[in-house]
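Number of protein chains: 4
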Amino acid sequence: MRFNVSSQLNYHVKFPSTLILNIQAQMSSAQYVVEEKLTTNPQVNYEEFYLEAGSSRFIRLQTGNAQTLEICYSATVDCSTELVPAKGAPPVSIAEMDRNAIPYLFPSRYVQSDRLSKLAWDLFGKINDPYQKVVAIDDWIYSNIEYALGSTDSQTSAYDTVVERRGVCRDFAHLGIAYCRALNIPARYFSGYAYQLNPPDFHALFECYVAGQWLLFDSTRLAPLNGLVRIGTGRDAADAALASIFGGVQGTGVKVDCQLGSGETFTPLFRNQLRTQGIAQNSGDSSGNG
Amino acid sequence: MRFNVSSQLNYHVKFPSTLILNIQAQMSSAQYVVEEKLTTNPQVNYEEFYLEAGSSRFIRLQTGNAQTLEICYSATVDCSTELVPAKGAPPVSIAEMDRNAIPYLFPSRYVQSDRLSKLAWDLFGKINDPYQKVVAIDDWIYSNIEYALGSTDSQTSAYDTVVERRGVCRDFAHLGIAYCRALNIPARYFSGYAYQLNPPDFHALFECYVAGQWLLFDSTRLAPLNGLVRIGTGRDAADAALASIFGGVQGTGVKVDCQLGSGETFTPLFRNQLRTQGIAQNSGDSSGNG
Amino acid sequence: MRFNVSSQLNYHVKFPSTLILNIQAQMSSAQYVVEEKLTTNPQVNYEEFYLEAGSSRFIRLQTGNAQTLEICYSATVDCSTELVPAKGAPPVSIAEMDRNAIPYLFPSRYVQSDRLSKLAWDLFGKINDPYQKVVAIDDWIYSNIEYALGSTDSQTSAYDTVVERRGVCRDFAHLGIAYCRALNIPARYFSGYAYQLNPPDFHALFECYVAGQWLLFDSTRLAPLNGLVRIGTGRDAADAALASIFGGVQGTGVKVDCQLGSGETFTPLFRNQLRTQGIAQNSGDSSGNG
Amino acid sequence: MRFNVSSQLNYHVKFPSTLILNIQAQMSSAQYVVEEKLTTNPQVNYEEFYLEAGSSRFIRLQTGNAQTLEICYSATVDCSTELVPAKGAPPVSIAEMDRNAIPYLFPSRYVQSDRLSKLAWDLFGKINDPYQKVVAIDDWIYSNIEYALGSTDSQTSAYDTVVERRGVCRDFAHLGIAYCRALNIPARYFSGYAYQLNPPDFHALFECYVAGQWLLFDSTRLAPLNGLVRIGTGRDAADAALASIFGGVQGTGVKVDCQLGSGETFTPLFRNQLRTQGIAQNSGDSSGNG
Numbered sequence: 001m002r003f004n005v006s007s008q009l010n011y012h013v014k015f016p017s018t019l020i021l022n023i024q025a026q027m028s029s030a031q032y033v034v035e036e037k038l039t040t041n042p043q044v045n046y047e048e049f050y051l052e053a054g055s056s057r058f059i060r061l062q063t064g065n066a067q068t069l070e071i072c073y074s075a076t077v078d079c080s081t082e083l084v085p086a087k088g089a090p091p092v093s094i095a096e097m098d099r100n101a102i103p104y105l106f107p108s109r110y111v112q113s114d115r116l117s118k119l120a121w122d123l124f125g126k127i128n129d130p131y132q133k134v135v136a137i138d139d140w141i142y143s144n145i146e147y148a149l150g151s152t153d154s155q156t157s158a159y160d161t162v163v164e165r166r167g168v169c170r171d172f173a174h175l176g177i178a179y180c181r182a183l184n185i186p187a188r189y190f191s192g193y194a195y196q197l198n199p200p201d202f203h204a205l206f207e208c209y210v211a212g213q214w215l216l217f218d219s220t221r222l223a224p225l226n227g228l229v230r231i232g233t234g235r236d237a238a239d240a241a242l243a244s245i246f247g248g249v250q251g252t253g254v255k256v257d258c259q260l261g262s263g264e265t266f267t268p269l270f271r272n273q274l275r276t277q278g279i280a281q282n283s284g285d286s287s288g289n290g
Numbered sequence: 001m002r003f004n005v006s007s008q009l010n011y012h013v014k015f016p017s018t019l020i021l022n023i024q025a026q027m028s029s030a031q032y033v034v035e036e037k038l039t040t041n042p043q044v045n046y047e048e049f050y051l052e053a054g055s056s057r058f059i060r061l062q063t064g065n066a067q068t069l070e071i072c073y074s075a076t077v078d079c080s081t082e083l084v085p086a087k088g089a090p091p092v093s094i095a096e097m098d099r100n101a102i103p104y105l106f107p108s109r110y111v112q113s114d115r116l117s118k119l120a121w122d123l124f125g126k127i128n129d130p131y132q133k134v135v136a137i138d139d140w141i142y143s144n145i146e147y148a149l150g151s152t153d154s155q156t157s158a159y160d161t162v163v164e165r166r167g168v169c170r171d172f173a174h175l176g177i178a179y180c181r182a183l184n185i186p187a188r189y190f191s192g193y194a195y196q197l198n199p200p201d202f203h204a205l206f207e208c209y210v211a212g213q214w215l216l217f218d219s220t221r222l223a224p225l226n227g228l229v230r231i232g233t234g235r236d237a238a239d240a241a242l243a244s245i246f247g248g249v250q251g252t253g254v255k256v257d258c259q260l261g262s263g264e265t266f267t268p269l270f271r272n273q274l275r276t277q278g279i280a281q282n283s284g285d286s287s288g289n290g
Numbered sequence: 001m002r003f004n005v006s007s008q009l010n011y012h013v014k015f016p017s018t019l020i021l022n023i024q025a026q027m028s029s030a031q032y033v034v035e036e037k038l039t040t041n042p043q044v045n046y047e048e049f050y051l052e053a054g055s056s057r058f059i060r061l062q063t064g065n066a067q068t069l070e071i072c073y074s075a076t077v078d079c080s081t082e083l084v085p086a087k088g089a090p091p092v093s094i095a096e097m098d099r100n101a102i103p104y105l106f107p108s109r110y111v112q113s114d115r116l117s118k119l120a121w122d123l124f125g126k127i128n129d130p131y132q133k134v135v136a137i138d139d140w141i142y143s144n145i146e147y148a149l150g151s152t153d154s155q156t157s158a159y160d161t162v163v164e165r166r167g168v169c170r171d172f173a174h175l176g177i178a179y180c181r182a183l184n185i186p187a188r189y190f191s192g193y194a195y196q197l198n199p200p201d202f203h204a205l206f207e208c209y210v211a212g213q214w215l216l217f218d219s220t221r222l223a224p225l226n227g228l229v230r231i232g233t234g235r236d237a238a239d240a241a242l243a244s245i246f247g248g249v250q251g252t253g254v255k256v257d258c259q260l261g262s263g264e265t266f267t268p269l270f271r272n273q274l275r276t277q278g279i280a281q282n283s284g285d286s287s288g289n290g
Numbered sequence: 001m002r003f004n005v006s007s008q009l010n011y012h013v014k015f016p017s018t019l020i021l022n023i024q025a026q027m028s029s030a031q032y033v034v035e036e037k038l039t040t041n042p043q044v045n046y047e048e049f050y051l052e053a054g055s056s057r058f059i060r061l062q063t064g065n066a067q068t069l070e071i072c073y074s075a076t077v078d079c080s081t082e083l084v085p086a087k088g089a090p091p092v093s094i095a096e097m098d099r100n101a102i103p104y105l106f107p108s109r110y111v112q113s114d115r116l117s118k119l120a121w122d123l124f125g126k127i128n129d130p131y132q133k134v135v136a137i138d139d140w141i142y143s144n145i146e147y148a149l150g151s152t153d154s155q156t157s158a159y160d161t162v163v164e165r166r167g168v169c170r171d172f173a174h175l176g177i178a179y180c181r182a183l184n185i186p187a188r189y190f191s192g193y194a195y196q197l198n199p200p201d202f203h204a205l206f207e208c209y210v211a212g213q214w215l216l217f218d219s220t221r222l223a224p225l226n227g228l229v230r231i232g233t234g235r236d237a238a239d240a241a242l243a244s245i246f247g248g249v250q251g252t253g254v255k256v257d258c259q260l261g262s263g264e265t266f267t268p269l270f271r272n273q274l275r276t277q278g279i280a281q282n283s284g285d286s287s288g289n290g
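Protein chains in written order, with our numbering: chain A, 1 to 290; chain B, 1 to 290; chain C, 1 to 290; chain D, 1 to 290.
It is possible that some hints are incorrect.
As the list claims (entries may be wrong) - Residues from chain C shown here face chain D by an in silico Cβ test under 10 Å; the list is partial: (1) S17; (2) L61; (3) A66; (4) M97; (5) S108; (6) R221; (7) R275.
None of these hints come from the bench; they were simulated from the model. Using N, Cα and C, we set each Cβ at its ideal position, and we do this for glycine too.
Bound conformation, chain A alone (with noise of 0.2 Å):
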């Protein structure tokens, strides 16, 4: 499936400084990069890297002295997604798991999933399938956790979230990924584009380590599974920030936009649509680092 993506930043610039950007579509064997663009005003310095493990395809740019700064972002990208028998996986084995997965069994910084351990096991401790458990914290998110744009802000945490029940697709997903890794099962962030998100923005969700796969859930169900382009894979919005700023640089805007590829026909999916199967992205890729 290609998607047409793009974005935006804009920056109010107050002295020389440098920005770490995210907000490239990884490169992968489930996703091709068909072309990209990516341009700046007033021209910049930046070069792209990457983490030593990982595919996040990150920028890093100096903003010289320029006082405003416009970031534009474009790229045609070929998804594929994979509907893989999920139920009926046996559990999720520590003692076989895949090593580059067992980072993501460990809390991070805002997943604190060592002091809600407790509650994981009581509310889905006594689901023996492991998709069904991860199903079971996707619905009880779904359920419990009211969408409210503008009710957290970047200092929020799982912790937060499961007393305050509010938040954004970021607070979603950290709970999410702290419910598993608290029930022992790998879970990992991911950012995106996200095609139907309405109002378009970047957007973010959890994968879980079920059935030798990392599964995509998205508990606000706000966009279908089978129309993101990855960005970012981390053990949480720390690992994903879309840009880190080091100096003064004050952002100004953010347009994002995700449109399908002219020819194509989609079919929306969302995770409960699928009794048995889950939905992976990275099909084929057992690395733990997408």
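We have chain A already, so just place chains B, C and D on it with the hints.
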């Protein structure tokens, strides 16, 4: 410098479980494991593994039907530290930083560097020299945080330590890391064996990335910086847990020892003895992952 | 019903200090103190006082130069509880509420009722009958929170207990109070001696203001509601600390006892034995301050 | 000194609800309300009440079926402040303290004085003179906390402000109270109208109990201490909320004004202009409850 290190971990096992241990000495150009032995009583299955990025060595162990479990590790390790000209080194430039140091700029489970940004800049922002900046952080922690066994627990984070001003080595390390990251200096967690630590135990400290090196800082000043045998390197204690338990296992005792190799002469070196130089363990290793 | 209660508190005193104690049985129409005795060893100066509002009795005590201090309190108290028709009582109307109940609507140190508002309404908002609402809160806490000695400390608040799902009587009480206040039902903290509590200790529970009465709820279900001798009434444990220390004093031991008066026959009564009635200790007292 | 104060609160009402307002000037020997008027549009039912302890005046108001509600309060108030010899006053002795000041020693919703005890003693413990101690607290807050509108919300507490070092008047007051209580000095929250506050708004500050008086401290230094008209006195903002909403009501606007009475001459007085004296509003009133 040669050290003989050992540790013994005892567990009560309620039902067959998995343990992930991180107690073995790392192997690197700065740390040569002459010999080592890991035994369990009763004998159980385990395997060693590395994560995709990083040199920490993990043991994945199945308790099987054992009801009690004793794990004994001992090793003879040759460690080298290097004095590094540090004062007067150029500022830590995000623009030119080794890409593998970048993940150590972001907040993590126990290190909410995003929330204590203003505090860090107020306290240390006027110091231009990056090494002197971290020296000031180290001095500040040593002077302001009381070392108090039992005053904190596994959920205590840098955020708490700023307010409560008490903690153990792990808390001292987290706060050092938090201040560094808040100032845009990469910093990471170091766990290890420590010679002359009294009472003997595992130890934790932090490294910051200054002058193109990962320099060692131990704000507890409880052990010399040239008497360390590295076990784990990570973003914080969540990455470098000595033992992660998946199942029903309860710790019943820990014994740790670190002795000087026969024939060695040891002159303890503490950070505050150095005016212009830093101490690095992994000289020559530019990788972000120890 | 007559009870013989006693408590003994032991302290190590580092330098002359002041203690404020709240260990004496309250005196009210529902609780008649037949006789009581308070002794200290060595003999030190103290005075009893009340706060402007409230019936809790405080002892302000100067340690002087004593190096150890033993405080012994014993009392014979006649307590009466009353069964109150509660089911079907009109909603708790803020508009007509006794003004002295109003302070018990607001958040306090350990009761962040403002932050768990949505959770409380999701869980209990659909229950119209105010008594049934609190009954449901009480049942929920009993079913969802594990009683675990040593699992929490003096800083644990209702916010934490919602997530961590473990605690002691004080934590159970704080969570009950938090849910009630979030639902606009005044609720307060009750500390006291408790007959048949095992092991013997001071006890804590909560009262809510329903049907024009302060009804007793003990979600731990560890002691019968008709075997309580009231010591403190407050917004939360910060108001009803058994001992507040100003200076250098360290607790070295506490012994508590509560026995039935001779000749009395006791039929334990727990909240869940009652379908339509509540239990109140202070029948006839409309004041907000026990 | 005469002040003409007024406030106008606008609400959107979704369904019949109750409001508890705390916007009227207190009446006391130090504050004489010459005349006042409270009107609502549309006209709705309300009653005024006091709590058992305390001089804060509350309005309990039923919205009825109004869909929008405007509440207008205006008053002419004669206020007197008094300069109190404060430096060199004897230490704040718990042993001899007015019993009504004692509740202001304990932690409360936004004031976790128990958790920042060591910090408070480290910073201010060496200052013996109790007035100089609070003067040092006031100076510290003024110097270390940035006044930043919008940087905090209704859940921000003193614990957060110690770390994040930003806030508004309410946060400044909470931190001052926390430091005082941690040092065993009673401290309480003051809300009021403030002359020369720019932009005009309700204001918050704190009082500490030193030299047998409640002395005024405003660490924001945004308004003179002799230009205050007291509305609320409480343990923290939870006790002195301007408006507590029970039902479905949303604030749509607030206007506040404070003008000098005609013919008055005002010489602004700030705490830092005084070397040896404190400023008290309620001279002669030994009660703990303003």
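Verification of the supplied hints:
no. : hint : in the structure
1   : S17  : 9 Å, holds
2   : L61  : 9 Å, holds
3   : A66  : 14 Å, violated
4   : M97  : 8 Å, holds
5   : S108 : 5 Å, holds
6   : R221 : 28 Å, violated
7   : R275 : 29 Å, violated
Checked against the numbered hints given earlier, the structure breaks hints 3, 6 and 7 and satisfies all the rest.
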